[in-house]
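Chemist: The chain contents come next:
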Amino acid sequence: MLENKANPTFSKSTGLPRKRFYRARAHSNPLSDSHFPIPISPHHVDYSLHYPQFFPSSDQVHSTKKVEFADIGCGFGGLLISLSTLFPESLMIGMELRDKVTEYVKERISALRVANPGQYQNISVVRTNSMKYIPNYFEKGQLSKMFFLFPDPHFKEKNHRRRVISLHLLDEYAYVLGVGGIIYTITDVEELGDWMKACLESHPMFEALTVEELEADPVVKLLSSATEEGQKVARNGGQTFQAVYRRIQPSS
Amino acid sequence: MEDDAPMDFGESNKDIEVAPALIAVHPNQESVAVAVGSDLRVFDVHGDCAISLVDDSSKGSLHKDSIRAIRYGASGKLLVSAGDDKLVKIWSTESWRCVSTVCSEKRVTAVAITNDGLYVCFADKFGVVWVVDLDGTDGQAVAKKKAAQLLSHYCSIITSLEFSPDGKFIVSADRDFKIRVTVFPNKPLDGAHEIQSFCLGHTEFVSCLAFVCTLEYPQGFLVSGGGDSTVRLWDIYSGSLLDTYEVGGKAGLLESNGREEECCSVITDLCTNQDGTLVAVAVQGLQEIILLKCSLSARSISLAKVVPIGGETFIPTRLEVSFSTGLLWMVTGVSNLRGFEYPSLARVRVISGLKSNADFLQNEPFVLEDNEIPGGRKLLEKLQGSISFDEKVFMAAAEALKTAMSNLLIKKQYSVEKREFRKKTRNDRKIKQ
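So the sequences go chain by chain: A and B. Mind the numbering: the first sequence is residues 1 to 252 in the UniProt record's numbering, read in order. Mind the numbering: the second sequence is residues 1 to 433 in the UniProt record's numbering, read in order.
Hints were generated in silico from the structure; no laboratory data involved. This structure is a prediction, so every number in the text was calculated from the model and none was measured. One thing to keep in mind: the hints can contain errors.
To be verified - Below 25 Å or equal to it, Euclidean Cα-Cα: the simulated DMTMM-like pairs (lysine to aspartate or glutamate) are:
id: 1; chain 1: A; residue 1: K158; chain 2: B; residue 2: E417
id: 2; chain 1: B; residue 1: K423; chain 2: A; residue 2: E139
id: 3; chain 1: B; residue 1: K423; chain 2: A; residue 2: D33
id: 4; chain 1: A; residue 1: K145; chain 2: B; residue 2: E194
id: 5; chain 1: B; residue 1: K424; chain 2: A; residue 2: D152
id: 6; chain 1: B; residue 1: K412; chain 2: A; residue 2: D99
id: 7; chain 1: A; residue 1: K100; chain 2: B; residue 2: E417
id: 8; chain 1: A; residue 1: K145; chain 2: A; residue 2: D171
id: 9; chain 1: A; residue 1: K140; chain 2: B; residue 2: D166
id: 10; chain 1: A; residue 1: K19; chain 2: B; residue 2: D235
id: 11; chain 1: B; residue 1: K187; chain 2: A; residue 2: D152
id: 12; chain 1: B; residue 1: K411; chain 2: A; residue 2: D33
id: 13; chain 1: A; residue 1: K66; chain 2: B; residue 2: E312
id: 14; chain 1: B; residue 1: K187; chain 2: A; residue 2: D171
id: 15; chain 1: B; residue 1: K402; chain 2: A; residue 2: E201
id: 16; chain 1: B; residue 1: K424; chain 2: A; residue 2: E103
id: 17; chain 1: B; residue 1: K424; chain 2: A; residue 2: D99
id: 18; chain 1: B; residue 1: K106; chain 2: A; residue 2: E157
id: 19; chain 1: B; residue 1: K418; chain 2: A; residue 2: D99
id: 20; chain 1: B; residue 1: K423; chain 2: A; residue 2: E157
id: 21; chain 1: B; residue 1: K411; chain 2: A; residue 2: D99
id: 22; chain 1: A; residue 1: K66; chain 2: B; residue 2: D235
id: 23; chain 1: B; residue 1: K423; chain 2: A; residue 2: E207
id: 24; chain 1: B; residue 1: K418; chain 2: A; residue 2: E103
id: 25; chain 1: A; residue 1: K140; chain 2: B; residue 2: D235
id: 26; chain 1: A; residue 1: K197; chain 2: B; residue 2: E194
id: 27; chain 1: A; residue 1: K100; chain 2: B; residue 2: E420
id: 28; chain 1: B; residue 1: K168; chain 2: A; residue 2: E139
id: 29; chain 1: B; residue 1: K187; chain 2: A; residue 2: E207
id: 30; chain 1: A; residue 1: K158; chain 2: B; residue 2: E105
Use the sequences and the hints to build the structure in full.
Modeler: In structure tokens form, the structure reads like this:
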């Protein structure tokens, strides 16, 4: 009884936060004005708060170590947690617009760090609107992987500009991705899958990975299996549509 | 966008939108254009006569709503005007006819013409920059042109648009503190996808951009002014901030009587002179022009001189330096001013002595008397619409413009309860119930 009272939002057996206490709306409007703090520029992000083991004090923030992977709209963080052990030396960050969901991921990561000493030190999460503030977090060519897993489909044509993949937003993603960097997208909505593929296909700074390359990439398998959304789709026997593209130097 | 939100929570007395008066000067000072409200006025300085613009495509007024941007092309052959009526009009400065009218989907906030005069770019309130191919506009027939999307700032009002001196880059500034530098492609109608850099450092909206370039640095450096009371110098290749000049300490003279929370004075406009040594800065609420000395070798900007503007309460809304004469043309004014005899106000003043650094050192810059301005009273009569003004109008205009600018560009801060209330009364939810 006492333990329960102490912190009911954490599971007694695993020590992890319980999702039911972090209920959030399924959608958030990316167009509205943001009311959370935004770093003025990538230099203003204090990574010692995110990765204390990699940046013991805030003076070392400008060291050579930089975030390499960004999970845009990370949701409940399933992919980050799978990637963390797969690439233990790469720093990765999740970006999520919904406040409560971000809180959950934060708690989840710190609980995992406590339960597995030395592990999960390379992942973190920020609450932000990545459609507006990607350049405030990353320098040119800083990232090597970007993930857009099961984004909001925004079916109505009027709302297509709210989609996280669009020809114009790909300009910004191409800016933060280094040449050779890979963008991973997956959805269970066929219409959105076609849209994302069409955007990437027509963008001069991206080219599709070949079938062999897709098979050789261990990350591709995680797209449909690691996230909470992906597991839900699999449970319901749904289909998924993925598009994986590489950032290339545009021919001028 | 937040514009769609219902205004039923203490915002019912929303002011009618007012627009600042604008000024543009022909590169060789052959003519000067002033826009106030929907009215576009041009005076031919060379021929010493007022111009009446001819537009065969529209009857009655040329623009149907406030003009938000006017600009001459680098060669002086074209003048572009655009604004809230979602029309971009391209004028030939030889025939003074409208050679092309382009329809925009949204209200237009800024325009720019490529240095070679082949394309016109304009930006809208939703953050999209469009490009129009001028090929085929021969100055004779009125051409209906369609614009193609060039680039986009995600849902942010674009406040200023500039081409780099070498024409390689297009620079766009927005209300979300950002300046984006994009490679201007060979085929702009296919879109500009390669971002060179972002210039990040402003802590409020960015209001104005200008390039400084010298013989030693022909590629140019960017200067920007913003709602954070700073003028900043940038290297656009890397996006790095080279220097910052804070106007803050000097500003706030007019509202120094008690209202401390509004001490931050917005930079409303800035422009540079021909040899790239001076930056003229207009600040909200300041009855003077701040001249900054720009040293590109030292990568710095510093205060050179403050030129007070005597006479009536003249707080400039837009500036432009004529490279050929070194005159700084200033305008103040507003459209739709309520409670006064004249619904709109436009007043033009000129400061001399900005041609070059040598000119500046020898001849102290000073404000010309009305009869010393090229074109004299005739020019003022055309561009201002009137010669004498009621002093009170200037104060009211400055106040109205300040409110309009902060309504447009400063994010509204709501308390938690107010935000909850606004969520409950969203338009889309009303329809469902």
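Chemist: Work down the list of hints and note, for each, if the structure agrees.
Modeler: These are the hints, each one checked on the structure:
1. A:K158 - B:E417: At roughly 30 Å apart (the allowed maximum being 25 Å), E417 of chain B and K158 of chain A break the hint.
2. B:K423 - A:E139: Not OK: K423 of chain B and E139 of chain A at ~35 Å, beyond 25 Å, violated.
3. B:K423 - A:D33: holds (13 Å)
4. A:K145 - B:E194: holds (18 Å)
5. B:K424 - A:D152: Status holds; Cα separation ~22 Å.
6. B:K412 - A:D99: Roughly 20 Å separates the two Cα atoms, so the pair holds.
7. A:K100 - B:E417: holds (18 Å)
8. A:K145 - A:D171: holds (15 Å)
9. A:K140 - B:D166: The given pair, whose Cα atoms are some 22 Å apart, holds under the 25 Å limit.
10. A:K19 - B:D235: violated (47 Å)
11. B:K187 - A:D152: Violated, because 33 Å separates the two Cα atoms, which is more than 25 Å.
12. B:K411 - A:D33: Holds, because 7 Å separates the two Cα atoms, which is no more than 25 Å.
13. A:K66 - B:E312: Status violated; Cα separation ~56 Å.
14. B:K187 - A:D171: holds (16 Å)
15. B:K402 - A:E201: violated (46 Å)
16. B:K424 - A:E103: Holds: K424 of chain B and E103 of chain A sit about 24 Å apart, inside 25 Å.
17. B:K424 - A:D99: Distance of about 18 Å is within 25 Å: holds.
18. B:K106 - A:E157: Cα-Cα ~17 Å, so holds.
19. B:K418 - A:D99: holds (18 Å)
20. B:K423 - A:E157: Holds, because 23 Å separates the two Cα atoms, which is no more than 25 Å.
21. B:K411 - A:D99: Judged against 25 Å, a Cα distance of about 20 Å means the pair holds.
22. A:K66 - B:D235: holds (23 Å)
23. B:K423 - A:E207: violated (41 Å)
24. B:K418 - A:E103: holds (23 Å)
25. A:K140 - B:D235: Within the cut-off at roughly 15 Å; holds.
26. A:K197 - B:E194: holds (19 Å)
27. A:K100 - B:E420: holds (16 Å)
28. B:K168 - A:E139: holds (21 Å)
29. B:K187 - A:E207: holds (20 Å)
30. A:K158 - B:E105: holds (14 Å)
Hint violations for this structure: numbers 1, 2, 10, 11, 13, 15, 23, all remaining hints satisfied.
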